[in-house]
Amino acid sequence: MKLFEKTLTSETKFEGRIIKVLRDTVELENGKTSAREVVCHNGGVCVAALTEQNEVLLVRQFRYPYKEVLLELPAGKLEKGEDPFEAVKREQMEETGTTGENYISLGNLYPSPGYCGEIIHIWACRVAQKGEMHLDEDEFLEVERIPLDKAVEMVLNNEIPDSKTQVGILKTAALVKAGKL
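For the sequence shown, the residue numbers in UniProt numbering are 1 to 181.
Bear in mind the hints are in silico, worked out from the structure with no lab data behind them. Please note: incorrect hints may appear among the correct ones.
Distance condition first, Cα-Cα at most 30 Å in a straight line; then the derived DSBU-like pairs of lysine-lysine [said to hold, decoys possible]: (1) K177 <-> K150; (2) K171 <-> K150; (3) K180 <-> K130; (4) K177 <-> K89; (5) K2 <-> K32; (6) K150 <-> K130; (7) K164 <-> K13.
Please take these sequences and the hints and turn them into a complete structure.
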(Lines of atoms letter the chains of each structure in order from A; the text may use other names.)
(Lines give C-alpha, C1' and ligand atoms only; values in the text may rest on other atoms or scores of the structure.)
Protein backbone atom coordinates (compact mmCIF):
# COMPACT_ATOMS: atom_id res chain seq x y z
CA MET A 1 0.00 0.00 0.00
CA LYS A 2 1.16 3.50 -0.86
CA LEU A 3 -1.35 5.37 1.35
CA PHE A 4 -1.36 8.32 -1.02
CA GLU A 5 -3.98 10.29 -2.97
CA LYS A 6 -3.11 12.32 -6.06
CA THR A 7 -4.99 15.61 -6.58
CA LEU A 8 -6.47 15.71 -10.07
CA THR A 9 -8.56 18.90 -9.83
CA SER A 10 -9.17 21.57 -7.20
CA GLU A 11 -12.04 24.06 -7.14
CA THR A 12 -12.52 26.88 -4.61
CA LYS A 13 -16.11 26.75 -3.35
CA PHE A 14 -15.84 29.51 -0.74
CA GLU A 15 -13.21 32.04 0.30
CA GLY A 16 -13.76 34.06 3.43
CA ARG A 17 -11.76 36.10 5.91
CA ILE A 18 -10.57 33.08 7.93
CA ILE A 19 -11.10 29.97 5.78
CA LYS A 20 -11.21 28.79 2.20
CA VAL A 21 -13.17 25.67 1.18
CA LEU A 22 -11.96 23.48 -1.68
CA ARG A 23 -13.62 20.60 -3.50
CA ASP A 24 -10.90 18.39 -4.92
CA THR A 25 -11.04 15.31 -7.09
CA VAL A 26 -8.38 12.78 -6.15
CA GLU A 27 -7.05 9.56 -7.61
CA LEU A 28 -6.93 6.77 -5.04
CA GLU A 29 -4.18 4.16 -4.95
CA ASN A 30 -6.53 1.62 -6.62
CA GLY A 31 -6.91 3.96 -9.61
CA LYS A 32 -10.47 5.07 -8.81
CA THR A 33 -11.40 8.70 -8.14
CA SER A 34 -13.12 10.30 -5.18
CA ALA A 35 -14.06 13.78 -3.96
CA ARG A 36 -12.46 15.56 -1.00
CA GLU A 37 -13.80 18.71 0.65
CA VAL A 38 -11.05 20.61 2.44
CA VAL A 39 -11.15 23.61 4.76
CA CYS A 40 -7.94 25.65 4.35
CA HIS A 41 -6.88 27.67 7.41
CA ASN A 42 -3.62 29.50 8.15
CA GLY A 43 -3.33 27.71 11.49
CA GLY A 44 -3.08 28.92 15.03
CA VAL A 45 -1.09 29.00 18.23
CA CYS A 46 -1.77 28.52 21.92
CA VAL A 47 0.22 28.66 25.14
CA ALA A 48 0.05 27.07 28.57
CA ALA A 49 1.54 29.90 30.66
CA LEU A 50 2.31 28.93 34.26
CA THR A 51 2.66 31.24 37.24
CA GLU A 52 5.20 30.70 40.02
CA GLN A 53 2.42 28.91 41.94
CA ASN A 54 1.89 26.45 39.04
CA GLU A 55 -1.37 28.05 38.04
CA VAL A 56 -2.18 27.91 34.34
CA LEU A 57 -3.66 31.00 32.71
CA LEU A 58 -6.89 30.15 30.91
CA VAL A 59 -9.38 32.35 29.12
CA ARG A 60 -13.14 32.05 29.23
CA GLN A 61 -14.90 33.19 26.07
CA PHE A 62 -18.06 32.67 24.04
CA ARG A 63 -17.54 30.37 21.03
CA TYR A 64 -20.16 30.99 18.39
CA PRO A 65 -20.12 27.57 16.61
CA TYR A 66 -21.08 25.86 19.89
CA LYS A 67 -23.18 28.72 21.29
CA GLU A 68 -21.46 28.35 24.65
CA VAL A 69 -18.69 29.75 26.81
CA LEU A 70 -15.50 27.67 26.77
CA LEU A 71 -12.45 27.64 29.01
CA GLU A 72 -9.32 27.56 26.82
CA LEU A 73 -5.62 28.25 26.71
CA PRO A 74 -4.82 31.69 25.29
CA ALA A 75 -4.74 31.23 21.53
CA GLY A 76 -5.05 32.93 18.20
CA LYS A 77 -4.93 32.67 14.44
CA LEU A 78 -1.75 32.88 12.40
CA GLU A 79 -1.55 35.48 9.68
CA LYS A 80 -0.33 34.12 6.35
CA GLY A 81 3.45 33.64 6.59
CA GLU A 82 3.60 34.64 10.28
CA ASP A 83 6.17 32.94 12.52
CA PRO A 84 4.23 30.77 15.04
CA PHE A 85 6.59 31.55 17.93
CA GLU A 86 6.19 35.31 17.44
CA ALA A 87 2.42 34.82 17.16
CA VAL A 88 2.18 32.87 20.42
CA LYS A 89 4.05 35.60 22.31
CA ARG A 90 1.74 38.22 20.77
CA GLU A 91 -1.41 36.27 21.67
CA GLN A 92 -0.20 35.67 25.23
CA MET A 93 0.32 39.41 25.72
CA GLU A 94 -2.96 40.37 24.04
CA GLU A 95 -5.15 37.88 25.92
CA THR A 96 -3.47 37.68 29.35
CA GLY A 97 -1.30 40.77 29.62
CA THR A 98 1.72 38.59 30.37
CA THR A 99 5.04 37.80 28.77
CA GLY A 100 6.73 34.46 29.14
CA GLU A 101 10.14 32.89 29.55
CA ASN A 102 11.57 29.41 29.07
CA TYR A 103 9.18 28.58 26.25
CA ILE A 104 9.00 24.89 25.36
CA SER A 105 7.34 23.66 22.19
CA LEU A 106 4.67 21.07 22.92
CA GLY A 107 4.38 20.20 19.23
CA ASN A 108 1.60 20.60 16.72
CA LEU A 109 -2.04 19.55 16.83
CA TYR A 110 -4.15 18.62 13.79
CA PRO A 111 -7.64 19.33 15.21
CA SER A 112 -9.78 17.84 12.39
CA PRO A 113 -7.60 15.96 9.88
CA GLY A 114 -10.56 14.44 8.04
CA TYR A 115 -11.48 17.73 6.38
CA CYS A 116 -9.41 20.64 7.71
CA GLY A 117 -5.76 21.55 7.08
CA GLU A 118 -5.43 23.69 10.22
CA ILE A 119 -2.33 23.13 12.38
CA ILE A 120 -2.18 24.51 15.92
CA HIS A 121 1.32 25.13 17.35
CA ILE A 122 1.37 24.65 21.13
CA TRP A 123 3.84 26.00 23.70
CA ALA A 124 4.29 26.05 27.45
CA CYS A 125 6.16 28.74 29.38
CA ARG A 126 6.59 30.39 32.73
CA VAL A 127 5.05 33.82 33.22
CA ALA A 128 7.86 36.39 33.35
CA GLN A 129 6.01 39.71 33.59
CA LYS A 130 2.45 40.89 34.07
CA GLY A 131 0.96 43.89 32.33
CA GLU A 132 -2.22 44.97 30.58
CA MET A 133 -4.31 42.92 28.16
CA HIS A 134 -4.57 44.23 24.59
CA LEU A 135 -7.67 42.50 23.20
CA ASP A 136 -8.75 42.83 19.59
CA GLU A 137 -11.74 45.10 19.00
CA ASP A 138 -14.08 42.12 18.54
CA GLU A 139 -12.60 39.99 21.35
CA PHE A 140 -14.21 39.59 24.77
CA LEU A 141 -12.81 37.22 27.36
CA GLU A 142 -11.99 36.73 31.03
CA VAL A 143 -8.65 35.40 32.33
CA GLU A 144 -8.65 32.74 35.02
CA ARG A 145 -5.75 31.32 37.01
CA ILE A 146 -6.35 27.66 37.77
CA PRO A 147 -3.92 25.39 39.62
CA LEU A 148 -2.36 23.02 37.07
CA ASP A 149 -3.44 19.93 39.02
CA LYS A 150 -7.02 21.22 39.05
CA ALA A 151 -6.85 21.94 35.29
CA VAL A 152 -5.70 18.34 34.66
CA GLU A 153 -8.61 17.11 36.78
CA MET A 154 -10.98 19.31 34.76
CA VAL A 155 -9.68 17.80 31.49
CA LEU A 156 -10.09 14.26 32.81
CA ASN A 157 -13.62 15.06 34.05
CA ASN A 158 -14.64 16.39 30.60
CA GLU A 159 -15.08 19.94 31.91
CA ILE A 160 -12.73 21.32 29.22
CA PRO A 161 -13.86 20.09 25.78
CA ASP A 162 -11.40 22.14 23.68
CA SER A 163 -8.76 19.84 22.13
CA LYS A 164 -5.82 22.28 22.07
CA THR A 165 -6.42 23.08 25.73
CA GLN A 166 -6.64 19.43 26.72
CA VAL A 167 -3.38 18.60 24.94
CA GLY A 168 -1.59 21.70 26.23
CA ILE A 169 -2.60 21.12 29.85
CA LEU A 170 -1.75 17.41 29.87
CA LYS A 171 1.64 17.86 28.15
CA THR A 172 2.50 20.81 30.43
CA ALA A 173 1.61 18.78 33.53
CA ALA A 174 3.89 15.97 32.30
CA LEU A 175 6.77 18.44 31.81
CA VAL A 176 6.26 19.93 35.29
CA LYS A 177 6.17 16.45 36.84
CA ALA A 178 9.42 15.59 35.01
CA GLY A 179 11.04 18.81 36.32
CA LYS A 180 11.48 20.25 32.82
CA LEU A 181 9.31 23.34 33.25
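Hint-by-hint comparison with the structure:
1. Restraint check: the Cα-Cα separation between K177 and K150 comes to about 14 Å, which is no more than 30 Å; the hinted pair holds.
2. For the given pair, K171 sits about 14 Å from K150 by alpha-carbon distance, which is consistent with the 30 Å threshold.
3. Pair hint K180 plus K130 holds up; C-alpha atoms about 23 Å apart against a cutoff of 30 Å.
4. In summary, the hint linking K177 to K89 is supported, as the alpha carbons are separated by about 24 Å, within the 30 Å threshold.
5. For the given pair, K2 sits about 14 Å from K32 by alpha-carbon distance, which is consistent with the 30 Å threshold.
6. For the proposed pair K150 and K130, the alpha carbon gap of about 22 Å is at most 30 Å, so the pair holds.
7. Our distance criterion of 30 Å between C-alpha atoms is met by K164 and K13, whose separation comes to about 28 Å.
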